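Asker: Protein chains in written order, with my numbering: chain X, 1 to 628; chain G, 1 to 115.
These aren't lab readings, by the way, just hints derived from the structure by calculation.
Hints are supplied without guarantee of correctness; some may be wrong.
Derived lysine-lysine pairs resembling DSSO-like cross-links, with alpha carbons at most 27 Å apart [to be verified]:
id : chain 1 : residue 1 : chain 2 : residue 2
1  : G       : Lys-28    : X       : Lys-144
2  : X       : Lys-471   : X       : Lys-518
3  : X       : Lys-144   : G       : Lys-7
4  : X       : Lys-573   : X       : Lys-557
5  : G       : Lys-82    : X       : Lys-135
6  : X       : Lys-144   : G       : Lys-82
7  : X       : Lys-557   : X       : Lys-483
8  : G       : Lys-82    : X       : Lys-33
None of the values given here were measured: they were computed from a predicted structure.
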Amino acid sequence: MVPSYISRSVAGSYDNEAVAIFALIITFYLYIKTLNTGSLFYATLNAIAYFYMVCSWGGYTFIINLIPMHVLLCIVTGRYSSRLYIAYAPLVVLGTLLAALVPVVGFNAVMTSEHFASFLVFIILHVVALVYYIKGILSPKMFKVAVTLVVSVGLVVCCAVIAILVALVASSPTKGWSGRSLSLLDPTYASKYIPIIASVSEHQPPTWPSYFMDINVLAFLVPAGIIACFLPLSDASSFVVLYIVTSVYFSGVMVRLMLVFAPAACIMSGIALSQAFDVFTRSIKFQLLRILGFSEADAGDGSSANVVPENDAVKVDKSEETIKERPSRKNKKKEKEQMEKAQAEKTSAKSKTEKRLLVLPMELSVIGLLLLVFMGAFYVVHCVWAAAEAYSAPSIVLTSYTHEGLHVFDDFREAYAWLRHNTEVDDKVASWWDYGYQTTAMANRTVIVDNNTWNNTHIATVGTAMSSPEKAAWEIFNSLDVKYVLVVFGGLVGYPSDDINKFLWMVRIGGGVFPHIKEPDYLRDGQYRIDSQATPTMLNCLMYKLSYYRFVETDGKGFDRVRRTEIGKKYFKLTHFEEVFTTHHWMVRIYKLKPSKNRIRGKMKKSKSRTSTPSSKRSGSRKKNPWQ
Amino acid sequence: MARSTGKDAQALFHSLRSAYAATPTTLKIIDLYVGFAVFTALIQVVYMAIVGSFPFNSFLSGVLSCVGTAVLAVCLRIQVNKDNKEFKDLPPERAFADFVLCNLVLHLVIMNFLG
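Sequences are here, hints too, so could you generate the full structure?
Answerer: Right, dumping it as structure tokens:
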């Protein structure tokens with residue numbers, strides 16, 4: 001029920017992470033199960049679950065690095081056991097094979113640095129296993145001899161192998177790590193080298209309120225859970241602690257990874273809650289035992305028992321019945337309730353350990369129970385609210401509450417319907433990549449770039465076109481065989497995520513690939529402005545023109561509600577584009593490329609394929625361009 | 001210094017040998033199987049070094065299948081070993097059944113990957 005998970009599942013904006021998080025948790029659960037039971041059957045299941053994870057999301061590298069880290073931690077803290085070997089070794093072999101089966105991963109499973117940790121720990125594990133085995137069959141004196149011998153020989157071999165490995169890995173420019181992983185490890189990497197990754201709003205670091213919004217009450221149960229994990233430190237609890245620490249770090253890098261953090265938070269708070277309920281109910285039971293044993297009908301108890309809500313009354317009855325049963329059974333039942341509430345899966349393994357009996361006075365435990373139940377109720381309310389309001393808005397139809405009631409902005413669908421009915425079937429539409437999927441699905445037209453942003457140069461081409469003056473943009477679009485250009489403009493109604501606000505990313509991404517687009521050309525005092533203080537490059541670029549063409553006709557002054565200023569250039573004509581459609585609230589504007597003139601004024605270089613000589617074409621047209 | 005380490009090495013060798021001879025025959029068979037699997041993997045690596053790694057997936061699946069069976073056999077050995085206190089109440093039939101299942105899955109994947 002955690003809002004962050006809902007945000008990615010079918011109730012919210014569906015993405016492959018919904019399936020992936022389930023696969024992640026299953027894999028972790030099976031790993032812990034294998035660790036606890038030491039059965040090869042669960043190891044097989046673990047490998048299959050890992051394969052499921054690889055198929056669903058690229059974040060599987062998180063697993064393949066977290067599990068080796070945990071194994072290493074166990075070895076270093078001296079908790080090696082043969083169960084660890086059974087849990088880890090088959091997973092590595094089967095897992096690598098299965099990962100190599102998936103076409104996207106292919107041979108990357110053995111060649112990229114992201115997987116090297118698992119192999120390294122595999123080797124280390126074997127060495128440690130061998131050491132333990134020999135220790136088991138030798139006498140201590142002999143073992144010391146063996147150690148000295150092996151260490152002296154082994155050290156030389158080790159150094160040689162490590163030197164070779166390091167040389168191999170260091171020969172590639174990114175040391176074998178892919179861009180995605182590097183941007184996770186070094187949060188500033190993406191903004192320096194790959195602007196397109198940095199531009200996605202979900203890849204930004206989260207703000208503090210977003211933590212609270214996403215996991216609400218769990219936010220302060222998590223530290224309690226971490227402490228509770230340390231009390232009986234087993235293999236499994238150390239794994240959960242490691243999981244939560246790493247996921248906190250990574251969710252601090254990217255908002256999108258809050259999703260990975262959410263299950264860990266659930267588990268931790270589940271543990272904390274179960275411990276708390278444990279203490280409370282045990283003390284209630286204890287006190288009741290004592291009180292009922294001494295006095296039969298005590299009015300004070302009766303009143304306090306009546307004040308308590310339903311489930312507490314049930315607990316009281318149960319405690320009377322199960323006085324003879326072992327306390328741990330009832331605690332397990334409580335934990336089961338909490339587990340269903342908090343969507344955690346694996347606490348029963350940890351809570352079976354012995355606890356020191358901690359008894360609180362009766363009133364305190366009753367109040368504590370009440371408060372915990374209320375907290376749970378608030379959490380449920382918040383989750384439902386968050387799911388309804390924040391995460392299930394179908395972002396294609398916008399609503400706003402005016403004094404007349406609900407006002408609906410249906411501009412997107414209006415524009416797509418227009419495209420669908422008024423253009424040829426094989427006309428191509430160019431827009432910014434955010435609208436790609438929507439255009440393809442609803443307007444049924446080919447787009448140039450869409451949300452599956454796999455080709456950075458392509459997107460940079462579109463970005464360059466949007467940032468260039470009309471003639472240069474026309475040439476780029478003509479070379480791409482584009483007929484229509486679509487821009488989203490929110491200035492009339494105050495829609496903040498329109499293309500002018502996204503313009504800085506167009507400049508940055510375009511500038512990343514085509515160096516003649518320089519960001520300082522568009523900035524005045526370090527800001528993007530569209531009023532009279534804007535730079536001439538900005539006032540002449542295609543995005544400005546297509547957004548504000550005839551905008552001054554709406555209110556006579558051209559006041560942009562999003563930027564809250566009047567626009568700089570008010571009266572201008574378009575020479576290479578013509579406006580064909582603007583929606584009701586001016587939110588989507590569609591332009592058509594004008595065909596080239598039959599009589600050419602001056603020379604015009606023929607445009608070859610756009611990948612071969614983009615820069616020379618740009619510089620060629622730039623010289624003759626009257627707009628600059 | 002070298003002499004003492006030499007003598008120590010010999011003594012070490014002897015004690016290792018005698019300790020190993022004490023293991024039951026079933027475990028020795030499993031150890032033999034592990035040795036064979038590792039040896040096969042080594043041969044494959046040498047072959048790849050000589051001939052080149054063109055059908056890389058075949059090489060990978062071959063080597064990993066050898067390593068995989070070795071690992072699984074070691075797991076079986078761990079589980080069947082009577083000296084191992086953690087697996088005291090695991091019936092050896094169950095351990096062997098798990099081993100067979102794991103091997104089945106492994107070889108299914110290998111066959112798929114051989115190409």
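Asker: So, for every hint listed, does it hold in this structure?
Answerer: Verification of the supplied hints:
Annotation: proposed proximity of G/Lys-28 to X/Lys-144 holds, straight-line Cα distance about 25 Å (limit 27 Å). Taken as a hint, the X/Lys-471 and X/Lys-518 pair is honoured in the structure, with Cα atoms around 18 Å apart against an allowance of 27 Å. For the hint pairing X/Lys-144 with G/Lys-7, the CA-to-CA distance comes to about 14 Å; that is within 27 Å, so the pair holds. Simply put, X/Lys-573 and X/Lys-557 have alpha-carbon atoms about 17 Å apart, close enough for the 27 Å limit, and the pair holds.
A threshold of 27 Å between alpha carbons decides the hint, and for G/Lys-82 with X/Lys-135 the separation of about 17 Å falls inside it, so the pair holds. For the hint linking X/Lys-144 to G/Lys-82, the alpha-carbon distance of about 26 Å falls within 27 Å, and the restraint holds. Restraint check for X/Lys-557 and X/Lys-483: not satisfied, since their Cα atoms lie roughly 31 Å apart, outside the 27 Å limit. A hinted pair counts as satisfied when its Cα atoms are at most 27 Å apart, and G/Lys-82 with X/Lys-33 qualifies at roughly 23 Å.
Figure legend: structure checked against the earlier numbered hints; the only hint not met is number 7.
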